[in-house]
Amino acid sequence: MEFIRNFPFFSIILAMFCGIVSSVLKGQWAKRLCLAMVTAELFLSAAVLMYTLHTGESFTYMMGHFPAPWGNEIRAGVLEALTATGFSAIMLLSLLGGISHVFTDVEGTKTNLFFILVDLLMSSLLALIYTNDLFTAYVFVEINTIAACGLIMIKQDGHGIVAAIRYMVMSLLGSGMFLISLTLLYDITGHLLMEPAGEATAMIQAAGAYDVPLLVVIGLMSVGLAIKSGLYPFHSWIPETYGYATPASSAILSSLVSKGYIFLLIKVFYRVIGYGTVISSGVLNILFVFGLFGMLMGSIRAIRETDTRRMVAYSSVAQIGYIYMGIGLGTQAGMVAAIFHIFTHAATKSMLFISAVGLYEVSGGKTDYISLRGSGYRNRTAGIAFAAGALSMVGFPMLSGFISKLLFATAAVQSPHKMVFTILGLAVSTILNAIYFLRLVISIYSPSEREYGPDQSHQASKMLKVSSFLFIVVNLVLGLFSKPIVDSINAGLGMFL
Amino acid sequence: MLAHLAANMEETVSMILFGIGFTTLLLHKNLIKKIIGLNIMDTAVYLFLAAKGYIFGRQVPILNDGVMDAAAYTNPIPDGLVLTGIVVSVSVTALMLSLTIRLYRRYGSLDLDEIVFQWRKEGQ
Chain A
3 MEFIRNFPFF SIILAMFCGI VSSVLKGQWA KRLCLAMVTA ELFLSAAVLM
53 YTLHTGESFT YMMGHFPAPW GNEIRAGVLE ALTATGFSAI MLLSLLGGIS
103 HVFTDVEGTK TNLFFILVDL LMSSLLALIY TNDLFTAYVF VEINTIAACG
153 LIMIKQDGHG IVAAIRYMVM SLLGSGMFLI SLTLLYDITG HLLMEPAGEA
203 TAMIQAAGAY DVPLLVVIGL MSVGLAIKSG LYPFHSWIPE TYGYATPASS
253 AILSSLVSKG YIFLLIKVFY RVIGYGTVIS SGVLNILFVF GLFGMLMGSI
303 RAIRETDTRR MVAYSSVAQI GYIYMGIGLG TQAGMVAAIF HIFTHAATKS
353 MLFISAVGLY EVSGGKTDYI SLRGSGYRNR TAGIAFAAGA LSMVGFPMLS
403 GFISKLLFAT AAVQSPHKMV FTILGLAVST ILNAIYFLRL VISIYSPSER
453 EYGPDQSHQA SKMLKVSSFL FIVVNLVLGL FSKPIVDSIN AGLGMFL
Chain B
320 MLAHLAANME ETVSMILFGI GFTTLLLHKN LIKKIIGLNI MDTAVYLFLA
370 AKGYIFGRQV PILNDGVMDA AAYTNPIPDG LVLTGIVVSV SVTALMLSLT
420 IRLYRRYGSL DLDEIVFQWR KEGQ
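Protein chains in written order, with our numbering: chain A, 3 to 499; chain B, 320 to 443.
FYI, nobody ran anything at the bench for these hints, they're computed from the structure.
There could be a bad hint or two in this list.
[As the list claims (entries may be wrong)] Computed spacing ranges between beta-carbons, pair by pair:
| id | chain 1 | residue 1 | chain 2 | residue 2 | range |
| --- | --- | --- | --- | --- | --- |
| 1 | A | LEU408 | B | MET328 | 50 to 58 Å |
| 2 | A | SER448 | B | TYR423 | 41 to 49 Å |
| 3 | B | LEU416 | A | LEU478 | 43 to 51 Å |
Backbone N, C-alpha and C fix where the C-beta goes; we use that ideal spot for every residue, glycine too.
In isolation and in its complexed conformation, chain B is listed as follows:
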């Protein structure tokens, strides 16, 4: 069991990171830390994809020294997915940060519980 985990170290690390990010996003009260959690979670997935996409001994999929054999290169799709994923997570992070700024200006706090408490009070 442990040997398996050690052999797949990148994947193990990325799953642990995913867990950390997910819990932070779910449970932390501070909005900035929630956003950090979101980024850790997404980055963990990219690490996983990059680790899975790399085959030891093969090269980046850019034609090199005229070697035409496909077996000499890695598959470019996982890298493409990572790039697409980064674009998505950047836009989501920007949106979350802008929402956080608006909330901070209005309620003077980054604590989501505190904000929701004030918001409920206003509503009554």
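Bound-form chain A, shown alone:
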């Protein structure tokens, strides 16, 4: 069993190694290697999850066997392992669903590059989840950004490159702020490892020194990572990026990349700065307000869109708003709700992006919602998956979105100052969600003027059907068996302290 302690490190290095090997492989082989790697990651992370649940405590893994204040460490607790497992599962399903389009969207000789980028992205995501060192986190944040940028522009047309450069500019602003904040933090604590840095911060707090620098650190770090994950006023890159990239890229970017940064932020809040300090600094209130605005504005913009992919992309803005609102509540329950929503949104949004592709395949490649009329009959699996995803986002019982909303509402009751705004925000945002998602679902199940056409789902790729089906299963599992997951999140947050 002790051997499992090596698995977090193995999973990071395995993904990176596959990326290097893929550079000399042909597209098909790179694809097989990539899928095998992500499946292996799933099993490795699940093993770590079982191990941490079994032992009931987190463990650290020394890199190069230099003890705590000096070396570089990896740390795994229940929450890290759960996130890694969830991310690997969603990565696998997104790849399966979008893989046929990778080979049509990407130039023939360059398909292996797509899989190199996915390998690097997987490695950097896992490193962001597991790392216990602030500067390592920064380096992997940048690797994540570069890999994500590659995934956006791999579809070699003007759209991709303009979207990529806009993404890069916003993302680099975020990285710059993150870098300067961690430099300041290093200055006042003298440590880069999270635990010693956390202890030093607590001592500084107790001595009442460095109040302003600490506030600046919290502010810069929150805003930097919020820009990178696309919180409302910094969301301008989202619709272009998610709306035009190849489907697998859109699914991976919207469901995983932005969540990696949020996870890092939560980790820094708990383990380095100290949650009490973060709450008393008032930065959470700002995140709360922006989160609320995001929930409303994202949905309003989504209603005005006619292109379904852009609509789903704007819906991401709203969902990121939900997550930041949960973090901004400043209670343990709010944080649990936010983390649960990270999983909900990851599972649902990737399902929407992938199943939407199944609908375009049978609608002549058109993406506006008028052309999609009746497509739910022409490709039944994709239609059902899309409807399930839409209902989950609206908050239909049995699906994961309902549990998220329930957790948010319960958490809101515990923070009296923010209760009214949270519940109002949830209610209005749910109605707005219902307007655009149900409009779309009704549209794909409405016969067009002549007839809705024969079932053409045999034209759609088999992998897409399989992954759509599995996505529905994941959503139902999150919706129906949420208790153990919420308990694990609680246990994991407990291990952060």
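On the provided structure of chain A, position chain B as indicated by the hints.
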């Protein structure tokens, strides 16, 4: 207040540079100038790290004349961080420049507003 700023001149300068770089990257339309802004911003952080890492009167952390006392040398970690940071910013700059070349070939302009305008027109 001013005395504090003067005493920490390197840090003050690096923060001003960070601000200049950040604003340039955010607000400038020209892609090349944006990239210059990015580099100013990153370099400002390295200046800050290097300034903070240097302790007056101590030496570079290379064993010198057999002096084994740790108090004689500065901490090598900030310098290591600067080097790592430079590697990261070089790769990001290379990526941004390559994207800029592709955009210039396609749209014949370096002005991001102009490029986005043409791109929107193509999309319709």
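Tell me if the beta carbons of LEU408 (chain A) and MET328 (chain B) are separated by a distance inside 50 to 58 Å. holds, 55 Å
Range hint compliance [Cβ, SER448 (chain A) to TYR423 (chain B), 41 to 49 Å]: holds, 46 Å
Per the hint of 43 to 51 Å, is the separation of the Cβ atoms of LEU416 (chain B) and LEU478 (chain A) within bounds? holds, 47 Å
Checked against the numbered hints above, the structure violates none of them.
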